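Enquirer: What follows is each chain in one-letter form.
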Amino acid sequence: MANARYNIKTFTGFRHVTFLCLFILYVPLIIVTIYSFNASQSLTNWSGFSLRWYADVFVGPQSATFKSAAANSFIIAIIAATVSTLIAVLAATGMVRGGQFKLRRASYGLISLPLMVPEIVTAVATLIFFNAINFDRGMMTIIVAHTAFCIPFAYLPIQARMQGIEDTYEQAAMDLYATKRQAFTKILMPLMMPGIISGFLLAFIVSLDDFIITNFVKGAGIETLPTAIFGSIKQGMKPNIMAISTLLLGLSTVMVAISYFVSKFDNKK
Amino acid sequence: MTGGETNDDGVTTDTYAETRHWLLLPAWATLGIFVLLPVFIMLIYSFLTKEFRGGVVWEFNLAAYDQFFFDRGLFGDEPAKIEWTYISIFWRSIWQAGAATLMSLLIGFPTAYFIATQPEKSRPIWVFLITIPYWVNLLIRTVSMKFLLRDEGPLNDFLMNFGLIDSPFHIINTNLAVQLGLFYSYLPFMVLPIYAAVERYNFTMSEAAADLYANKLTTLRRILLPAVKPGVIAGCILVFVPSMGSFLAPDLLGGAKNFMIGSLIEEQFKGNAGNWPFGAAASMILLTMVLIILILVARHQANYVKGAS
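Residue numbers (this note's numbering), protein chains in the order written: chain A, 4 to 272; chain B, 18 to 326.
Next up, chain A with everything else stripped away, as it sits in the complex:
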């Protein structure tokens, strides 16, 4: 650095753009949060702090819809995230600890397929598939579609974590007469936990957030939170949407925080 004629690393203005970027990312969310506490019936005028729209979400006229939609969303997300995480752990073990093999590249392509195909195309294809095999649309179709779609999201953090774990631990265990299965369950899995938790959380959020695929494959009368919110917005924006959005925003933030601390815990090792 000593003989550089100027500081080559910094560009004037980049700092300001960064703050602008964060400002853009956060302002809409902060504004929605603030307005969710608005006492006014209108969306625009601020008339004092109130929790009435939160009460409206839980006991108001639409509360039954929101509650059943929330229940559906959580059931779907828990099942889809669990199953896709399980599939992803096995697949990552095969890919990272399975040596070189012919189908490796093809397998990787297949696993990342849902990330490359535009989501609306996946949605159309899945709807047509269930129609072609005459499978009635309902909760089951949503769960199946979400499980497949969530696999790459669960897979990527798990694979990254496994690549970071040297195999010396498993080798040591096996030198001490542990079987491969024991090396896998007693050594590799505990070391993998931070990756598995991040993978699960990511898959969970992706399932909970999904609108497009759900909208296509859901049966009549079954709603998840995003489709219920979307339906409600189509009939006009009301302040209770701000409240429900803020609740979901809080949930997402909590989950990110968990995943952040899990990875921090990870770094200390």
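Read the hints as simulated data drawn from the structure, not as lab findings.
What you are looking at is a predicted structure, and each value in this text was computed from that prediction instead of being measured.
Yeah, the Cβ is synthetic: ideal placement off N, Cα and C, and Gly gets one too.
Take these hints with a grain of salt, some might be off.
Claimed, not checked - Pairs of lysine-lysine residues, derived as DSS-like cross-links and limited to a Cα-Cα distance of at most 30 Å, are as follows:
1) Lys287/B - Lys70/A
2) Lys70/A - Lys183/A
3) Lys287/B - Lys237/A
4) Lys189/A - Lys267/A
5) Lys12/A - Lys183/A
6) Lys287/B - Lys241/A
7) Lys138/B - Lys267/A
8) Lys138/B - Lys246/B
9) Lys105/A - Lys12/A
10) Lys189/A - Lys70/A
11) Lys98/B - Lys12/A
12) Lys274/B - Lys287/B
13) Lys287/B - Lys138/B
14) Lys274/B - Lys237/A
15) Lys246/B - Lys233/B
16) Lys12/A - Lys233/B
17) Lys274/B - Lys98/B
18) Lys246/B - Lys98/B
19) Lys274/B - Lys241/A
20) Lys12/A - Lys246/B
What the hints assert, rightly or not - Now the in silico label distances, taken between C-beta atoms and shown as ranges:
21) Thr36/A - Ser139/B: 25 to 31 Å
22) Ala42/A - Thr191/B: 30 to 36 Å
23) Thr191/B - Pro64/A: 30 to 36 Å
24) Tyr172/A - Arg217/B: 23 to 29 Å
25) Thr191/B - Ser53/A: 30 to 36 Å
26) Gly239/A - Gly93/B: 39 to 45 Å
27) Lys98/B - Gly63/A: 52 to 58 Å
28) Phe186/B - Gly222/A: 20 to 26 Å
29) Val265/A - Asp83/B: 50 to 56 Å
30) Val265/A - His38/B: 52 to 58 Å
31) Ser139/B - Arg184/A: 38 to 44 Å
32) Ser43/A - Phe186/B: 20 to 26 Å
Since the structure of chain A is already known, use the hints to place chain B on it.
Expert: Only chain B this time, still in chain A's reference frame:
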């Protein structure tokens, strides 16, 4: 980037080599049956005949693609002319996605660069701040954008209170609103790959250029940019591809006039005048476009890595 081939592959050992097929079987089966196979069935459906209540009749023809590209008059007996309606919807989608990508690049590149040149300890916090919005429901982010941009929304309120404008600045239901929505939806996708590329960049190369009397801009343009180009391209793809097929932003922010591919496809399956083969054909055309882009980029990146090592 040299000698990274084995690392890129991500194989660490062959401990479980003999069971690898069993380990991969669930992933192959789930994705093969529920993602890959459906795409093939969709291809078949695009050649079938429409049923009026939605669904298909099993008679093969090219009607869906014909309807997409050609106009044969109301009764189908006039000489075929090019049908511009759907081509222009695709063109608008490309244009809107391109504008959103450009905006993300203009904001995302300096941000990624700034974060990557911060002290190593504080970088994760910056990255964390950029990622949080990505975890927030896309629908909710789009709704908050709609709330913000309305004629009587906080943005116009703010601008009018400060006397910057006299009457509300009409953004909602315009192309600009859709572009802003897409930009806002996918901005973190632009920052992260560029950040990763700049973080790996060896700044002694810039120092060498500076020692040889290159000025700052030349160093940026001739040394840094070529080195981080794969990250920039990855970021552009991650914004452009989902933007092109997006449904929520055009639907909620664009209104009826600013139709994009996503809405066109959705209408064929969810609307009353559904035409499944046509929707399948439009999806196939979108998928083909995306795959062509991805293949071109992959080839470019492969050549690039070869040239660099």
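Enquirer: None of the hints should be skipped; say for each whether it holds.
Expert: How the hints compare with the structure:
At roughly 24 Å between alpha-carbon atoms, Lys287/B and Lys70/A fall within 30 Å of each other, so this suggested pair holds. Taken as a hint, the Lys70/A and Lys183/A pair is broken in the structure, with Cα atoms around 46 Å apart against an allowance of 30 Å. For the suggested pair Lys287/B and Lys237/A, the alpha carbons sit about 14 Å apart, so the restraint of at most 30 Å is met. The hinted pair formed by Lys189/A and Lys267/A meets the criterion: a straight-line CA distance of about 23 Å does not exceed 30 Å.
A hinted pair counts as satisfied when its Cα atoms are at most 30 Å apart, and Lys12/A with Lys183/A does not qualify at roughly 49 Å. In summary, the hint linking Lys287/B to Lys241/A is supported, as the alpha carbons are separated by about 24 Å, within the 30 Å threshold. For the hint linking Lys138/B to Lys267/A, the alpha-carbon distance of about 12 Å falls within 30 Å, and the restraint holds. Simply put, Lys138/B and Lys246/B have alpha-carbon atoms about 25 Å apart, close enough for the 30 Å limit, and the pair holds.
Straight-line distance between C-alpha atoms of Lys105/A and Lys12/A comes to about 44 Å, which puts the hinted pair past the 30 Å bound. Straight-line distance between C-alpha atoms of Lys189/A and Lys70/A comes to about 40 Å, which puts the hinted pair past the 30 Å bound. In summary, the hint linking Lys98/B to Lys12/A is not supported, as the alpha carbons are separated by about 57 Å, beyond the 30 Å threshold. Distance hint between Lys274/B and Lys287/B is fulfilled; the C-alpha atoms sit about 19 Å from each other, no more than 30 Å.
With a CA separation close to 50 Å, the supplied pair Lys287/B and Lys138/B exceeds the 30 Å bound. The straight-line distance between the Cα atoms of Lys274/B and Lys237/A is roughly 16 Å, inside the 30 Å bound, and the hint therefore holds. Simply put, Lys246/B and Lys233/B have alpha-carbon atoms about 18 Å apart, close enough for the 30 Å limit, and the pair holds. For the suggested pair Lys12/A and Lys233/B, the alpha carbons sit about 9 Å apart, so the restraint of at most 30 Å is met.
Annotation: proposed proximity of Lys274/B to Lys98/B holds, straight-line Cα distance about 24 Å (limit 30 Å). Distance check on the hinted pair: Lys246/B and Lys98/B sit about 42 Å apart at the alpha-carbon level, beyond 30 Å; violated. A distance of roughly 24 Å separates the Cα atoms of Lys274/B and Lys241/A; the hinted pair therefore holds under the 30 Å criterion. A threshold of 30 Å between alpha carbons decides the hint, and for Lys12/A with Lys246/B the separation of about 17 Å falls inside it, so the pair holds.
In this structure the hint that Thr36/A and Ser139/B lie 25 to 31 Å apart at CB holds, the actual value being about 26 Å. For Ala42/A and Thr191/B, the hinted distance range of 30 to 36 Å is satisfied, since their beta carbons lie about 32 Å from each other. Our hint of 30 to 36 Å for Thr191/B and Pro64/A holds, since their Cβ atoms are close to 33 Å apart. For Tyr172/A and Arg217/B, the Cβ-Cβ distance of about 28 Å falls inside the hinted range of 23 to 29 Å, so the restraint holds.
For the pair Thr191/B and Ser53/A, the supplied restraint of 30 to 36 Å holds, since their beta-carbon distance comes to about 33 Å. Take Gly239/A and Gly93/B: their Cβ atoms lie about 40 Å apart, and the range 39 to 45 Å holds. Look at Lys98/B against Gly63/A: about 54 Å separates their beta carbons, and that is inside 52 to 58 Å. Between Phe186/B and Gly222/A the CB atoms are about 42 Å apart, so this pair departs from the stated range of 20 to 26 Å.
Separation of Val265/A from Asp83/B is about 54 Å and conforms to the stated range, judged on CB atoms against 50 to 56 Å. Range check, Val265/A to His38/B: about 31 Å between beta-carbon atoms, so the 52 to 58 Å window is missed. Hint check: Ser139/B to Arg184/A, Cβ distance near 43 Å, so the stated range 38 to 44 Å holds. Checking the proposed 20 to 26 Å range against Ser43/A and Phe186/B shows it holds: the Cβ atoms sit about 23 Å from each other.
Violated hints, in rising order: 2, 5, 9, 10, 11, 13, 18, 28 and 30; the structure is consistent with all others.
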